[in-house]
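Undergrad: Place chain X on chain G using the hints.
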Amino acid sequence: MPVTSMPVTSPPVQTGTDTAAAVTDALLWVDGVTKRFGSLVANHRVSFHVHAGEVHALLGENGAGKSTLVKVLYGVHRADEGRVVLDGVAAHVSSPARARDLGLGMVFQDLRLVPALTVWENIALHAGRAGRLLRPRRIQAEIAEVADRWGLAVDPAARVADLSIGERQRVELLKVLMSGARVLILDEPTSVLTPAEVDALFDVVGRLRADGVGIVIITHKMREVRTIADRVTVLRGGQVVVADRLAADISDEDLVTAMVGTTVEAIGNTHAGGGAGRPLLQVRGLHVRGAGEGSGLRGIDLGVGAGEIVGVAGVAGNGQRELADVAVGAARPDAGAVLVDGETMPANDPAAFRRAGVCSVLADPLREFVVPGLTVAEHAALWSSAGTGRIHFDVAAAAGRVADAAAWAGLSIAAPDRRLDQLSGGNIQRVLLTLALGERSPVLVVSYPTRGLDVLTAETTRRLLLDARGRGQAVLLVSEDLDELLAVSDRIAVLAHGRVAGIVDAAGADRRQLGRLMTGAPADGAPGDGAPDDGGVTGRRMTGRRVTGE
Amino acid sequence: MNGVQQALIGGIEGGTAILLPALGELVGQRAGVVNLGTEGCMLAGALAAFAVAAVTGDTWLGVGAGLLAGAACGLFHAWLVVRRRADQLASGLVVWFAALGITSVFGTGYIGRTATPLATLSVPWLSHLPAVGPILFRHDALVYAGYVLVGAVWFVLFRTRVGLVLRAVGERPAVVAAAGGHPQLVQMTAVIVGAGIAGVGGAQLSVGYVGNWFNDMTNGYGFVAVAVVLFACWRPAGVLAGSYLFGVALAAASVLQAHGVAVNQYLLDALPYAITLVALVVVARRGGAKAPEALTAALTNGAA
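Protein chains in written order, with numbering that gives the first Met the number 0: chain G, 0 to 549; chain X, 0 to 303.
Same shape as in the complex, but just chain X:
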């Protein structure tokens, strides 16, 4: 196995921890709510998943707990933003800080413990394809969940009535209300579902392929996920590409380190973030898509 292959495999694994929260964030932002607390939802998901997996020994139960923990954070954010009309950015930061503090308090006892990570599943036949087989089809189940979810999110957003209503809420909530819909309900649901998916993304970090926990283990992934959504012009395919690009850059950095490349380690650590942002900015320039109107309105305080 050469270095490139290693970087790609690691990139898909790590990229999934961006892809899942980014898809969740995409759903929320399409409904007109930005969740900077995605980082916090991931932290909560990661700890909940690890704790449950470590105590019960059932990793999938852990993943479920991660989903619920993320969704709970999302409920808090949605309630503040949608029901109480709080500032979206401020509320998101509150969610992040709260989750960071709480997971640090309750997570200290779990530092150094191990849990069984999700089993690596080789997809029959596909995993034996030359070159791409090992890269794409020998992973834990959450990676495959990421693949499926990209398509599912696209389908729901663009080919179902629910998705249409959701996108319309993200643009002009008043239109949906006039058509007899319930914009607030749509936004609450979108945020909570999105945060739940982010929680699963956190679980991918703690029990997906390693099986450990340390404080602040998400390391800014949640913020990268938010950025990926913006620069992907709110398109699922763009989110997919941006997330894996970040994952691969991250894995490449560690491969380089392992091969003893003499570059400052902190520079190397920063590289994936820089590469991803630059690439996404370049692509976004070309795409030129507009942010959902309600989102812009909420963020510029111009909301009616």
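Just chain G, same shape as in the assembly:
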């Protein structure tokens, strides 16, 4: 990432404390931390302060150095320069265990729990307070007490595997709190939560703040800074570009500019509104038995017309995955059918779907797209000959094609001779997007297209989807990012428990309405009058509920 000159902001002026005072008061002071990996400087002289009873947002794009910084703080990495000062004393955080001893608690994005064990066993495993013998009753009583105090309702005897993601996060929080953390670091805590769960989490964070805990929230979401943060520090390219600013003191525009470096023109709600063309992709009465913890599909009817983007929202595991798989022929439904341009497709025959013009951006590129050892060009060759029945892989031609497609799409991708498995998630995603969108197939099934991408590329990707719609392609867009769905979809189908909980017009929808549908609660208010939304909180307009989309 090019390191441009960073506008260093003035010290906080409205805090009533000068810099020296802030140093002595701060619960946690990160002082000039530099971390290098070979020639790559992940963090360059990063400093910020966290006070007791304060929520400090660490804002930055993917690759800004947030994760590295947190790992340095938590003793996973050693800083090359700089120090971490806790309560005015320089702390040598040599390992995560040491960090915990010092009162630093960390809730990772990928929750560090053992699913097969119970809640109390997971907490005992971490706390190290159980002595040699485990006393299940005593530990469970302690957990119940702490849980009650912070409003973290959870059954100590439940198996973690049986809990929802939100509940697991509560267990993780309990685990950290019970080890006596005074500084709590939350790494992208809301990425897997429903809006209601986010509210519950922030409620807990509020209580902790009131109790004098210092809280660091790592995030790339402006919304969270606005909702919960007292202070904000922005990282870009491994350096601090906004330091210790009061959140109330800085505008959204300034934060985004600080994060991205240039001004991003967010896509407005540009819904076609003119109505979709003939249905290109239809699913009828789909039933798929859920794998693992997912709900599967329990009777889904949905249609996507030419020149239309239909978004699919829902909490992970409510059938999105199965829907996307069946819609590209990658899985066989137990009942129901997929129609492409009116033709019923043979089940579980991806090649036939490709021939019929269905292209997909896969949900899990690492598993479904990346072949270890093969280069970008070889992946392109694999991709373009998949389903066409050609014997010869023309690698050189594929390299040319992928470069052309990337140029056309405006996505910068890695050199064709690079091994794909050695690229970062964002780079892999760009290659996948280039191949999938470059095909300009009549039907696109797109899962989590902007996952792992920086803000600029994510915007480019959304633009590409809108362009695809403009060309008359039918797009089924599965995403966990509600803002993204609202920004580009024409209609949004919300899945809950494997059923369509509701289909709403994106133009009149908002997060709360979607969030309510995501929990499986029926939408209140009368469905389907087709009138524009009046902006009320309840009774939002529904164009259809559990009905065929077309």
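No lab work stands behind these hints: they were computed from the structure. Keep in mind that the hints are not guaranteed to be accurate.
Distance windows between CB atoms, simulated [stated by the list, open to error]:
1. Ala143/G x Thr295/X: 29 to 37 Å
2. Ser253/X x Ala143/G: 49 to 57 Å
3. Ala152/G x Gln183/X: 31 to 39 Å
4. Pro123/X x Arg136/G: 31 to 39 Å
5. Thr115/X x Arg136/G: 43 to 51 Å
Values in this document were obtained by computation on a predicted structure and should not be read as measured data. Glycine residues also receive a C-beta, built at the ideal position from the N, C-alpha and C atoms.
TA: Structure of chain X alone, referenced to chain G:
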């Protein structure tokens, strides 16, 4: 003494030679390492126990040697699998083949010799209970060790921190590492301890109640033990039931033979294995427990 009682007594005796290695295997698998070399650990334990007992005349010294020989095989397996990241199944088979070959070479000289088996100890009072007394409480000490070990393994696994850490390692080693633990050390220890117990199981065969040695005398017991652990859904109680079921079926087959039941002998020999597997499969279906995650990952090459 009727045939049924004979079969049950023999079943407890022989079942102990499954129970001990199965408990050892349970410990290892709960930590995420399968040891197909259990058969080899038993062979090594059986020969070492017999050789030491025959030479020194001290059977208990022999049992100790069996434990060490089993643990040595376990150390080899653990080093290959945990430190060198070898394939668990391949490494286990290597341990088995190596032990089979080595015990055949060094054991040939001991074929036909005898050693004093462990004394039969009658538990005071309990052994005089009607019906169950003679079946459960007139055996060699290793049988009682089996009883105690079932409870001990359960207690350690489910009621101590060590056991909790061990189970967590078998599921998500990364979590334990993040909590400041040492997953590799836990796995090595579990495998070595488990293999040591399997070695004692081998000793039960050679010096527990008979006092002789012949090549490949474990006759697949080690593999049955591995199967018992799988179908017992990694639970000590299930391991107990499965092991004794196998033992009883085995003893019943010989009782039938002794009574001159006219069934093909090879069919009769195969019967205990078949009965045990069928019973365990039926039970496992109902239990529906999941294998430790790290174990599954290691066996499907999906390990991170």
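Undergrad: Each hint should be assessed against the structure and marked as holding or not.
TA: A quick look at each hint next to the structure:
Separation of alanine 143/G from threonine 295/X is about 33 Å and conforms to the stated range, judged on CB atoms against 29 to 37 Å. About 56 Å separates the C-beta atoms of serine 253/X and alanine 143/G, a value consistent with the hinted range of 49 to 57 Å. Hint check: alanine 152/G to glutamine 183/X, Cβ distance near 37 Å, so the stated range 31 to 39 Å holds. For the pair proline 123/X and arginine 136/G, the beta carbons lie near 36 Å from each other, so the given range of 31 to 39 Å is met.
Between threonine 115/X and arginine 136/G the beta carbons are some 49 Å apart, a value that agrees with the proposed interval 43 to 51 Å.
In the structure shown, no violation is registered for any of the earlier numbered hints.
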